[in-house]
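Chains as they are written, first to last, in UniProt numbering: chain A, 1 to 343; chain B, 1 to 343; chain C, 1 to 343; chain D, 1 to 343.
There's no promise every hint is true.
Since the list can't tell identical chains apart, any single copy or any two copies may satisfy a pair.
Calculated cross-link-like contacts (lysine-lysine; reagent style DSSO-like; alpha-carbon spacing at most 30 Å) [stated by the list, open to error]: (1) K36 to K163; (2) K114 to K163; (3) K142 to K62; (4) K93 to K104; (5) K163 to K3; (6) K62 to K163; (7) K104 to K114; (8) K104 to K139; (9) K3 to K114; (10) K104 to K62; (11) K334 to K3; (12) K36 to K139; (13) K142 to K334; (14) K3 to K104; (15) K93 to K334; (16) K334 to K114; (17) K334 to K36; (18) K163 to K186.
Read the hints as simulated data drawn from the structure, not as lab findings.
4 protein chains.
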Amino acid sequence: MIKVGIVGGTGYTGVELLRLLAVHPDVQLTAITSRKEDGLPVADMFPSLRGRVNLAFSSPDKADLTQCDVVFFATPHGVAMAQAPALLAAGVKVIDLAADFRLKDQATFEQWYKIPHTCPELLEQAVYGLVELNRDAIKGAKLIANPGCYPTTMQLGFYPLLKAGLVDAGGLIADCKSGVSGAGRKAEIATLFSESSDNFKAYGVAGHRHTPETVAQLQNFTDQPVNLIFTPHLVPMIRGMHSTLYARLTRDISNEELQALFEAQYADAAFVDVMPFGSHPETRSTRGSNMLRLALHRHGNMVIVLVVQDNLVKGASGQAVQCMNLMFGLDEGKGLNQVALLP
Amino acid sequence: MIKVGIVGGTGYTGVELLRLLAVHPDVQLTAITSRKEDGLPVADMFPSLRGRVNLAFSSPDKADLTQCDVVFFATPHGVAMAQAPALLAAGVKVIDLAADFRLKDQATFEQWYKIPHTCPELLEQAVYGLVELNRDAIKGAKLIANPGCYPTTMQLGFYPLLKAGLVDAGGLIADCKSGVSGAGRKAEIATLFSESSDNFKAYGVAGHRHTPETVAQLQNFTDQPVNLIFTPHLVPMIRGMHSTLYARLTRDISNEELQALFEAQYADAAFVDVMPFGSHPETRSTRGSNMLRLALHRHGNMVIVLVVQDNLVKGASGQAVQCMNLMFGLDEGKGLNQVALLP
Amino acid sequence: MIKVGIVGGTGYTGVELLRLLAVHPDVQLTAITSRKEDGLPVADMFPSLRGRVNLAFSSPDKADLTQCDVVFFATPHGVAMAQAPALLAAGVKVIDLAADFRLKDQATFEQWYKIPHTCPELLEQAVYGLVELNRDAIKGAKLIANPGCYPTTMQLGFYPLLKAGLVDAGGLIADCKSGVSGAGRKAEIATLFSESSDNFKAYGVAGHRHTPETVAQLQNFTDQPVNLIFTPHLVPMIRGMHSTLYARLTRDISNEELQALFEAQYADAAFVDVMPFGSHPETRSTRGSNMLRLALHRHGNMVIVLVVQDNLVKGASGQAVQCMNLMFGLDEGKGLNQVALLP
Amino acid sequence: MIKVGIVGGTGYTGVELLRLLAVHPDVQLTAITSRKEDGLPVADMFPSLRGRVNLAFSSPDKADLTQCDVVFFATPHGVAMAQAPALLAAGVKVIDLAADFRLKDQATFEQWYKIPHTCPELLEQAVYGLVELNRDAIKGAKLIANPGCYPTTMQLGFYPLLKAGLVDAGGLIADCKSGVSGAGRKAEIATLFSESSDNFKAYGVAGHRHTPETVAQLQNFTDQPVNLIFTPHLVPMIRGMHSTLYARLTRDISNEELQALFEAQYADAAFVDVMPFGSHPETRSTRGSNMLRLALHRHGNMVIVLVVQDNLVKGASGQAVQCMNLMFGLDEGKGLNQVALLP
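If we strip away everything but chain A, and leave its shape as in the complex, we get (with noise of 0.2 Å):
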């Protein structure tokens, strides 16, 4: 049994891990963190988890983490810099959920996130956790920066068209949507069913931390400069997120040709569902499961790709699960197969 630490369990992400892990075959939960709600059992936070969950909170100064194979962090950015040297240095695995080892560039990573970066000699040695882009360094790793959600579905989206050098990198447009989750469980108006609900409004135009994560990333795939617009919106849902992805292709190709590509790409990956050319798929169809699922449509030599996603599960919380398997050995899949809830 893989022993599990939790640090930060009682955000969005958080309690997503406790519902994917509390059914994992493998997985011992052994302690779950949290300064503010030390001794409070983790079941009377989310009474979804009565009679599955069995422990209580602990301050993370009492809870001894080096216990574990391998520690979570679902936290704002910033906690996980500061404790992964300690246990990296004990021999314990770490997934970061938040940002801190996603850039591998330190002054980027402070100019996004205005915060001094504590370890950047870890950096290097972070591996970025997108099994389907990645999945052999993820299998070595000591140490996961999971991916943020919007740049899980444009990569897996713009990385076929890219590593075959069929469309221009520096024309790229993201246009985003995702449920409000994706804010967190943070006390704050905006996010106020009051507010949110029967409403529709993009947010952060002007610049999105996932800018550059994203930029980054798939400038891997390509030796063309990439340039990304990237627009999020907030939809009205709780989970969920949708990619509309726009690029335009430099060569001639036909969709059989571009459907061909993408199903080739990603026939192996178990989480990635190529749907036929044409389809619309639907946020739902990924609703608490590990599933990425896409499309491709065409409108002269502009591809659309849709991508959807729950994003808290591939989105998050799934694929830092998919992560911990390969970094144990076991089957990527183990403790996902969820069917997506629908209706």
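Place chains B, C and D on chain A using the hints.
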């Protein structure tokens, strides 16, 4: 023109007052106070008001509310009682949308609201603003206690039955359901979209402040001792309130007589719609309007009254404007002719 | 492996059976029938099942359901009674999720469902599939009448009180609220998003088919004549059911004794969670799971029982799988360990 | 008083016309037709209109629409073209909310709408009712083709850029999102609450009827050939439309100049609100009102225009009333001063 001031314009009853008063033909919006938002144009906080309300919030210390003819308090409990005495002394009429003057009994107020009452001498003078049951007193009032949202539905639903001595006043049950805006515009986790969407629950079953208010008012209509079980629930919708009222008949009466009783009672009430016997009123049929609709059902000796309203209009700000109209000698429906928004 | 057939796989209880059975370790999905969708891959209709269910719908005329070990009817009322006799004769077990076999009294069935019963001889043999109250009979059953969703909550909530002779059985009130999926997957204006979102209403107050079913079952638990007022309402959420039950105590009992009574009653029930006295269960704490949660409240001599479940799982398909497990000698929770999806 | 007839009052644009016209000071509602609902009081179908609209639906065979001054067609495509010639001949003005007269080119109409056009001779005479771009022609019009909802946002957003020759007309992208009411009040599974709530998807990506309408209109504003990629999506909200428009600048211009261009263009437009540069307009800021709001963003040489409106008001019935006002010499905002419903 009636010069109107609003204290506490940043909550939902505040912005709803602004929506209604911005198109009221006899009103001149004169001052809107908010300590925290001093100087901020109201329309910057509520973009729905862009081009319609040109005032900025002003600090309560700077705003001279004594220049107003009437001041609405759309504030938490405790604010109106602090400022009302000076305003009344200056000849300004006061309408409090909170609970400061709803309970005649000081001890009951202090028990339920956990704060001392600072001007108990005004309690006797305050007029309870439930127009359909108290119209004449409201016309002459200088200080209005605007009813709570739940109490409005419970009183208008039970009143004809109690007044006619038809039911067991000691066994009333009100199973009530409210949209989330009833919880106000406060940053709290429990009313986040991701917590209260796609969910339904009861709350405050052990005791809710609207119980003593309702019981005290209902007691005015009957000699029997009133006993009320009131169970509030939270519905994943922004606006709307549905009360399902149960009362046991103590004498024989036909459905036709029951229906006639209610129709006669509310024949002159422009904002109470007695629907045909056996109807199922929908909250959306009142969305954004000042109408309250009700319908009767019957099972043996049990009468069921279904009552719906928009909790922010007839349940709060619309009722307050209705009171204002009466206090200034206007038709009580002035500025309140909005048709409900359906769909 | 249990070979499973599903008749009527195009509705919500059908797709929910597929979601659950697709990951059930002892089940082999063998046939899914739909006259209208003959030949269509199931996953084309329900993209959540892509990669998980590879069957296509087959016409009932072609499918040989006698090869199955058990057949679920996820159909409108009237279908199971037409096909059950032949299946039973062929040694196939039958679980009907509709009402064909729920009422022992043929006349009552025909009065409420407006169709003649075509195999009344099976009514006596049919076992009512409310596991927690009927476990032993279910183990030996060949024909299961799976309970209605509302009746499940009302029975599990009222049962301990009636069995202990604590309450007035002649004055029970159930004020119940259901998510929209309870209305099924039928093209109807009333359940369009634009009609039922941001809205709340009662329906069927004059009489609902779940009343005779519930009264007949409750009558088994008490010698007093049962009288039940049942008021269903529609909540703008997809899944979830919340029943607020009112019963008047006829003898003195403390809150602690009441709580102990319920805890003892359901001590061995893996899918009934008796929450601490005074709790407010939320429907979302059961979303997608087979758990039913309940909590007790008290006002004088009135007991209020709050009950929540997912109407499609414990209220329908999950309960049916629970029955199947018992009928085939498996642990009743096999394949039903999904943790509720929160948020 | 303007005598108004409405053909097809049972859909969402019909009931929205009724909501607006019921409080329009210069309008007398005279006839509402529906073949299917002949004799039914309108308020029985739409309880929001109880006490406000006392008409009953009448069969089109019985209603004498020639007694009206103007007739609105809130019907499916094909109905207005059948009845308009006779009404126009009788001197009645006609406003069609469907597409019958939106496309000047008969062949294009027939290609996209799959029905023959029965009065092509009226196409030239029909005036496109987008008030802000066509005000003078509308004043003198006898037959109005009321614009589609999406085309209204796309035209008002792209127009100033195209007219000023600032952008590449051959590379326009419109990523648009609509509330579910845009799909109309039709019994269909895809728009059931349980299918479209808590979900997000694109639809009609391969080709949508609003593309030829928009392209034809945009082509009027530029000499360059217009090419438009239009991607519609469905948002789980009742009302509201958000268009995210992308256009590539072909000459140098500052953000301040861009902003000034839009502000100058719409300075006199009471219903177009140019928000400060970099704003994020929310659909709810227009809910129930006739306002369209837009804001500009910039990334390098890409201009992003965010446009919101209520699809049933400015996107349909409100715009039609705005046209009617102009056709009858009234102030264009008469009866359209509703403030948006927020929250």
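Results of checking the hints against the structure:
1. For the identical chains of this complex, K36 and K163 are neighbours neither inside a copy (46 Å) nor across copies (44 Å), given an alpha-carbon limit of 30 Å.
2. Proximity of K114 to K163 under the C-alpha cut-off of 30 Å is found in neither arrangement, the shortest distances being 33 Å within a copy and 41 Å between copies.
3. In the homo-oligomer, the alpha carbons of K142 and K62 lie at most 30 Å apart inside one protomer (24 Å), although the nearest pairing across protomers, at 55 Å, exceeds that limit.
4. Only within a single protomer do K93 and K104 lie at most 30 Å apart by alpha-carbon distance; the minimum there is 19 Å, versus 61 Å between protomers.
5. When the C-alpha separation of K163 and K3 is checked against a cutoff of 30 Å, the pair qualifies neither within a copy, at 38 Å, nor between copies, at 45 Å.
6. When the C-alpha separation of K62 and K163 is checked against a cutoff of 30 Å, the pair qualifies neither within a copy, at 48 Å, nor between copies, at 48 Å.
7. In the homo-oligomer, the alpha carbons of K104 and K114 lie at most 30 Å apart inside one protomer (16 Å), although the nearest pairing across protomers, at 55 Å, exceeds that limit.
8. For the identical chains of this complex, K104 and K139 are intra-copy neighbours only, at 19 Å inside a copy versus 60 Å across copies, given an alpha-carbon limit of 30 Å.
9. When the C-alpha separation of K3 and K114 is checked against a cutoff of 30 Å, the pair qualifies neither within a copy, at 34 Å, nor between copies, at 48 Å.
10. Taking CA atoms no more than 30 Å apart as the test, K104 paired with K62 passes in neither setting, with 32 Å inside one copy and 53 Å between copies.
11. For a Cα distance limit of 30 Å, the shortest separation of K334 from K3 qualifies both inside one copy, at 15 Å, and across copies, at 25 Å.
12. Taking the closest pair of Cα atoms, K36 and K139 never come within 30 Å of each other, the shortest separation being 34 Å inside a single copy and 48 Å across copies.
13. In this assembly of identical chains, the alpha carbons of K142 and K334 lie at most 30 Å apart only when taken from the same copy (19 Å versus 36 Å across copies).
14. For the homomeric pair K3 and K104, the shortest alpha-carbon distance inside one copy (29 Å) is at most 30 Å, but the shortest distance between copies (53 Å) is not.
15. Proximity of K93 and K334 under a CA criterion of 30 Å is satisfied intra-copy only: 18 Å inside one chain copy versus 33 Å between copies.
16. Neither within a single protomer nor between protomers do K334 and K114 lie at most 30 Å apart by alpha-carbon distance, with minima of 37 Å and 50 Å respectively.
17. For the identical chains of this complex, K334 and K36 are neighbours neither inside a copy (32 Å) nor across copies (37 Å), given an alpha-carbon limit of 30 Å.
18. In the homo-oligomer, the alpha carbons of K163 and K186 never lie at most 30 Å apart, since the shortest distance is 39 Å inside one protomer and 45 Å across protomers.
Comparing the model with each earlier hint shows violations of hints 1, 2, 5, 6, 9, 10, 12, 16, 17, 18; every other hint is respected.
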